[in-house]
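J.: Sequences listed follow chains A and B, in order. Here the first sequence stands for residues 1 to 242, numbered as in our numbering. Here the second sequence stands for residues 1 to 157, numbered as in our numbering.
It should be emphasised that the hints constitute simulated quantities derived from the structure, not laboratory data. No experiment lies behind these values; they were computed from the predicted model shown. Be aware that a few hints might be false.
What the hints assert, rightly or not - Residues on chain A that point at chain B, a partial pick, calculated with CB under 10 Å:
hint, residue
1, Trp25
2, Glu172
3, Pro219
What the hints assert, rightly or not - Below 30 Å or equal to it, Euclidean Cα-Cα: the simulated DSBU-like pairs (lysine-lysine) are:
hint, chain 1, residue 1, chain 2, residue 2
4, A, Lys183, A, Lys227
5, A, Lys218, A, Lys183
6, A, Lys218, B, Lys46
7, B, Lys46, A, Lys183
8, A, Lys140, A, Lys218
9, A, Lys140, A, Lys183
Claimed, not checked - Beta-carbon label-pair distances, calculated as ranges:
hint, chain 1, residue 1, chain 2, residue 2, range
10, B, Glu132, A, Ala15, 23 to 29 Å
11, A, Thr10, B, Glu7, 26 to 32 Å
12, B, Arg151, A, Leu107, 54 to 60 Å
13, A, Thr212, B, Ala3, 29 to 35 Å
14, B, Glu132, A, Asp237, 47 to 53 Å
15, A, Asp237, B, Ala122, 45 to 51 Å
16, B, Glu84, A, Glu165, 28 to 34 Å
17, A, Thr105, B, Met1, 43 to 49 Å
18, A, Asp18, B, Glu132, 24 to 30 Å
19, A, Ala14, B, Ala122, 18 to 24 Å
20, B, Ala144, A, Thr212, 58 to 64 Å
21, A, Ala26, B, Ser27, 32 to 38 Å
22, B, Ala102, A, Thr212, 57 to 63 Å
23, A, Thr10, B, Glu4, 31 to 37 Å
All C-beta atoms, glycine included, are put in the ideal place defined by N, C-alpha and C.
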Amino acid sequence: MSDVPNDVLTVRLAALADASDDSDWADVRRRAGVSGRGRRTASALRAVAVVLALVILSTAVVARVTADEPPRTAYTPLEFPGLRAYPMDTLDDVRTHADAIVLATVLSEAPHESREAFYGEEGLVGRRITIRIDRSLWQKENAPSPPRTFDTAGGSWFYRQGVREPLFKFGEVGEQYVFVLAKNTSDTNNNSYEWVHEGTLGAPLIGGRTPTDIESEKPYFQAIRGKTPDELERLFDTTLGR
Amino acid sequence: MSAEEIERVYRERYVGFRNALATVTGSREAARDAVQEAFARALRHKEDFRGDAPLEAWIFKIALRTALESRRNGREIRLEDAVEPELPEPERDPELAAALRALPPRRRLIVFLRYFADLSYAEIAAVCEISEGTVAASLAQARATLGEALRQNEVTR
Chain A
1 MSDVPNDVLT
11 VRLAALADAS
21 DDSDWADVRR
31 RAGVSGRGRR
41 TASALRAVAV
51 VLALVILSTA
61 VVARVTADEP
71 PRTAYTPLEF
81 PGLRAYPMDT
91 LDDVRTHADA
101 IVLATVLSEA
111 PHESREAFYG
121 EEGLVGRRIT
131 IRIDRSLWQK
141 ENAPSPPRTF
151 DTAGGSWFYR
161 QGVREPLFKF
171 GEVGEQYVFV
181 LAKNTSDTNN
191 NSYEWVHEGT
201 LGAPLIGGRT
211 PTDIESEKPY
221 FQAIRGKTPD
231 ELERLFDTTL
241 GR
Chain B
1 MSAEEIERVY
11 RERYVGFRNA
21 LATVTGSREA
31 ARDAVQEAFA
41 RALRHKEDFR
51 GDAPLEAWIF
61 KIALRTALES
71 RRNGREIRLE
81 DAVEPELPEP
91 ERDPELAAAL
101 RALPPRRRLI
111 VFLRYFADLS
121 YAEIAAVCEI
131 SEGTVAASLA
141 QARATLGEAL
151 RQNEVTR
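Isolated chain A (complex conformation):
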């Protein structure tokens, strides 16, 4: 804090800081399941947390609208930066956390109202997308059905001096994706979506198939690579059950 003047304010704030150190790295490791013991407990607690909280995983399968873009040679999965609260790497993760998997088209995009108001034209601004479900690929038994058309989170834009750029490409208007969805079972309000995604993973659909050169070793991507929507539906039906 060398740039903070050593004034009254600094001294009084520092006096309120609790200097005692009750850190416990071993406890962190136990909670993380790193120590081996307690891994099952940690997993069970995470599962409970999932029931309480919103879970949305989205996997993108993209049909490029513009034909003049140079062909890509490899496809890196899209992931939202920051915390992924839930494991979403395997089909088993999907079975645990998802309510439905759908083929959907992104119809439109807009800033998230509250974030736009909050940040103005500086920094990150939330982006919402409106999607239309074109086909259901899987739905868990007794799980709620998503509406035909709804808004969901679509990543972020970065504003710098009024100029807006996408933080990363996701949910581009006119493209078709496979969304792995779960419903937010908590109370909704103006700042949350009923169906949103966290820990989004995506892979484009080229010529009616997911690409075979996805740059990810995660089991989920290995499972879906190269498959058509029909094949994905069979895969989900046989491996996820209902």
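Position chain B against the provided structure of chain A, taking the given hints into account.
T.: For chain B alone, kept in the frame of chain A given last:
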């Protein structure tokens, strides 16, 4: 991202993170639990760290979200939701507590991130998803406002 790097951040920043989070949770115990859980999450999901922000900021953001989750009984939390940080023990300095309370919540959070968590401008910028310039301006305005409030209290005392 290695577990050793996360452990380094833990050992260097634990006290500051806990103190800053106590302004959000309202208690030292809840803040401690949030810090512990946040570092555990960071360990579990360390492959998700993309290196586009300081590691300290990434972990603190997890901790902040964890603290807010605990406050909201597990409901979905967005960091842009109103965070209303308060001194956990305002009775220890009522004047300063009142002056801080008069600041906009986001500016108050930036003050706590700077003075309690000891985050750099770059780290605060990453946590709050604003520019470093905005962090600097917010801190300067906060210092001016707080300084003036404290001076007025001195005069009227």
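J.: Work down the list of hints and note, for each, if the structure agrees.
T.: Checked hints:
Proximity of tryptophan 25 of chain A to chain B holds as hinted, the smallest CB-CB distance being about 6 Å (cut-off 10 Å). Proximity of glutamate 172 of chain A to chain B is violated relative to the hint, the smallest CB-CB distance being about 20 Å (cut-off 10 Å). Annotation: interface hint on proline 219 of chain A violated; nearest CB of chain B at approximately 14 Å, more than 10 Å. A threshold of 30 Å between alpha carbons decides the hint, and for lysine 183 of chain A with lysine 227 of chain A the separation of about 26 Å falls inside it, so the pair holds.
A distance of roughly 24 Å separates the Cα atoms of lysine 218 of chain A and lysine 183 of chain A; the hinted pair therefore holds under the 30 Å criterion. Between lysine 218 of chain A and lysine 46 of chain B the alpha-carbon distance is near 14 Å, which keeps this suggested pair within the 30 Å criterion. For the hint linking lysine 46 of chain B to lysine 183 of chain A, the alpha-carbon distance of about 26 Å falls within 30 Å, and the restraint holds. A threshold of 30 Å between alpha carbons decides the hint, and for lysine 140 of chain A with lysine 218 of chain A the separation of about 23 Å falls inside it, so the pair holds.
A hinted pair counts as satisfied when its Cα atoms are at most 30 Å apart, and lysine 140 of chain A with lysine 183 of chain A qualifies at roughly 12 Å. Distance hint check: the CB atoms of glutamate 132 of chain B and alanine 15 of chain A are about 28 Å apart, consistent with the given range 23 to 29 Å. Look at threonine 10 of chain A against glutamate 7 of chain B: about 30 Å separates their beta carbons, and that is inside 26 to 32 Å. For the hinted restraint 54 to 60 Å between arginine 151 of chain B and leucine 107 of chain A, the CB-CB distance of approximately 56 Å keeps it satisfied.
The given range of 29 to 35 Å is respected by threonine 212 of chain A and alanine 3 of chain B, whose C-beta atoms sit roughly 33 Å from each other. For glutamate 132 of chain B and aspartate 237 of chain A, the hinted distance range of 47 to 53 Å is satisfied, since their beta carbons lie about 51 Å from each other. The hint said 45 to 51 Å for the Cβ distance between aspartate 237 of chain A and alanine 122 of chain B, and at roughly 48 Å that hint holds. Hint check: glutamate 84 of chain B to glutamate 165 of chain A, Cβ distance near 31 Å, so the stated range 28 to 34 Å holds.
A C-beta distance of roughly 35 Å is found between threonine 105 of chain A and methionine 1 of chain B, which places it outside the suggested range of 43 to 49 Å. Taking the beta carbon of each, aspartate 18 of chain A and glutamate 132 of chain B are about 28 Å apart, inside 24 to 30 Å as hinted. Between alanine 14 of chain A and alanine 122 of chain B the CB atoms are about 22 Å apart, so this pair conforms to the stated range of 18 to 24 Å. The given range of 58 to 64 Å is respected by alanine 144 of chain B and threonine 212 of chain A, whose C-beta atoms sit roughly 59 Å from each other.
At about 23 Å, the beta-carbon gap between alanine 26 of chain A and serine 27 of chain B misses the expected band of 32 to 38 Å. Range check, alanine 102 of chain B to threonine 212 of chain A: about 60 Å between beta-carbon atoms, so the 57 to 63 Å window is met. Under the hint 31 to 37 Å, the C-beta atoms of threonine 10 of chain A and glutamate 4 of chain B, about 33 Å apart, fit the expected range.
The structure is inconsistent with the numbered hints 2, 3, 17 and 21, although it conforms to all the rest.
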